[in-house]
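**Student:** Protein chains in written order, with our numbering: chain Y, 1 to 261; chain E, 1 to 433.
It should be emphasised that the hints constitute simulated quantities derived from the structure, not laboratory data. Every value quoted in this text rests on a predicted model; they were computed, and no experiment measured them. Cβ atoms here follow ideal geometry from the backbone N, Cα and C, with glycine treated the same way. Careful: at least some of the hints might be erroneous.
Sample of chain E residues lacking proximity to chain Y, with all beta carbon distances greater than 12 angstroms (derived) [stated by the list, open to error]:
(1) Asn50
(2) Val297
(3) Leu414
Stretch-level coverage of chain Y by chain E, calculated; a stretch enters the list once three of its residues show a Cβ under 8 angstroms from a Cβ in chain E [claimed, not checked]:
(4) 16-23
(5) 78-85
(6) 148-155
(7) 161-169
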Amino acid sequence: MRLAVGTDEVYLYTGARALAPSRASIVFVHGAANDHSVWSLQSRYFAHHGRNVLAVDLPGHGRSTGAPLESVEAIAQWLVRVLDAAGVERASLVGHSLGSLAVLEAAARAPARVDRIALLGPAVPMAVSEALMDAARRDDHVAYELIVGWSHSAAGQLGGNPVPGMWMTGTALRLMERTRPGGLAVDLGACASYANGLDAARALRCPALVVTGSRDLMAPAKSAEALIGALNGPRVVTLACGHAMMAEQPDEVLDALRAFL
Amino acid sequence: MTKPRTHRFDTLSLHAGSRPDPATGARATPIYQSASFVFPDSDHAAALFNMERAGHVYSRISNPTCAVLEERIAALEGGVGAIATASGQAALHLAIATLLGAGAHIVASRALYGGSHNLLDYTLPRFGITTTFVDPRDVGAWRGAIRPETRLLFGETLGNPGLDVLDIPRIATLAHEHGLPLLVDSTFTTPWLLRPFEHGADLVFHSATKFLSGHGVVIGGVLVDSGAFDWDAPKSRGRFPTLTEPYHGFHDMVFSEESTTAAFLLRARREGIRDFGACMAPATAWQILQGIETLPVRMQRHVDNTRRIVAFLSGQPLVGAIGYPELAQHPDHALAQRLLPRGCGAVFSFDLRATREQGRRFIESLRLFSHLANVGDAKSLVIHPASTTHFRMSADDLARAGIGEGTIRLSIGLEDPDDLIEDLSRALYAAGK
């Protein structure tokens, strides 16, 4: 479905279901240079199991118009505006990578609107390597290749996709290639400049789930340790996969979310 | 400098898509010879049927052994995924049936494999899909043939049998200017010689029976999606409702919303393979995988041997024109140097300056070359297209496709090239007597 948020049009994947006020809602927020489709299996499951699903395309990503937002704080504000536009009073928020930071910040800023948060592949701070940032600023294809290489475990690099016939790294690369010029640099800049992560975590009162990948080189599990320490008794799940956990271990990610949400 | 972590072609040929079997530790990909797969519980079963979880239900839709083959080809082609089919013809049909319906139109190269020509020219019109055939070298003809109802452009990387080199960059650009995808039959080249997606093609299919297998013991096909074509882009909008509108046959799924990059494959699997049923058997996939493991070394040898044979034939008085793009006189020589730097494959045709009876003596005098209707085997093969693969074509169509009465097609195998040259020498001598 499409919603107007300000002057922009926002695309939300809902699993082909209309939003119903009687159902609990889950908002899925993707990471840098991605779109709603990274949540394909998980979002579809919840949409067909009694939840309203709002898997967003962030501004300037996928089917949403507008320019990419330049800070995690701006994305967090935007998420609340999406809830307003959709007529959703409260929701659980699920975010991956950049999306996990936005979810954390949104929950801290608007606690009355958020039931639970699930942070997948988070890192606080979320450092971005200079080589990657330089390539992203140049819109150099190498930036996408670096991310794909760092986001998939050694096993994932060779495939074995649980989804029959799909080549994981090829899919990830092709999706990022759809990013509009300059988009990746804006997303990575938002990750790198976000400084409020630990304060937001300490202020948080809703239940939190943190999912890390033990083979994640993009946001290594140890980069989430400070965040986990700052949260109030989060549930922590570590999967044997890389950063692209929804692709590498879709069922395990779904099971972690099912057990929490 | 920081470099991306990627595996190279030869490594992917051996490993892509496979892992040691989680149940047994088997290093080789097992043959999962099972029609169906047990559901852990009812919720899991429903989730598999509804595409909420990943996995296998029934081997017509997907199978673990076939999935390894599909991933491997997708990796080697640089695509997002693939579907293994019962044959190359099934792959071509699956591509067309996924995108086109009655009233739609295709623009295709006229230098096609005879089987593809049959499907497009004789069979599909019965289902309301028509094709205009054009000279593959004439970009203006491609452009002029595109109509409002055109939905697909189609050609072969190396045309059959004259080895016309498809100018993929130019034809792809033309297709994209009109919001259309380009489908390429890459059977003759394999991804070791040419990766069409890198030049702009959107969909690729193979008869995996040929070089991918190499052994000539199975029939199979593979259809690969680049994932780059935007079915919802302004120029394409409304032209591909199978991908962009709700499909009542699968939970009203809008495939292009479900998957940004793999809408085509989703529809092809959830409808085409499900309903038409031209799937690959797991044992076939396993045998093709054995072939692909040695694809790089085999293709190098195929090309090396072919160069020796072409050089030999070039000096023979009974041999007329040789249609091999590595030769300077071939009309696509410059294009081949650009698109096919590793070589132009191992299938080519030449004209015998001889009567039909001499042609018969030539073929029947060969001892190592097998006279049969196939290419891409490890063993060398020979055929007379006018009387076999292309016999349904009219004389005019034959001439337009570059096939004469004396045209002989060779598929050069992996034998010692000196033995092949001796075989050809003997046959040419017999033909010339």
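**Student:** Could you tell me which of the hints above the structure violates, numbers in ascending order?
**Tutor:** 1, 4 and 5
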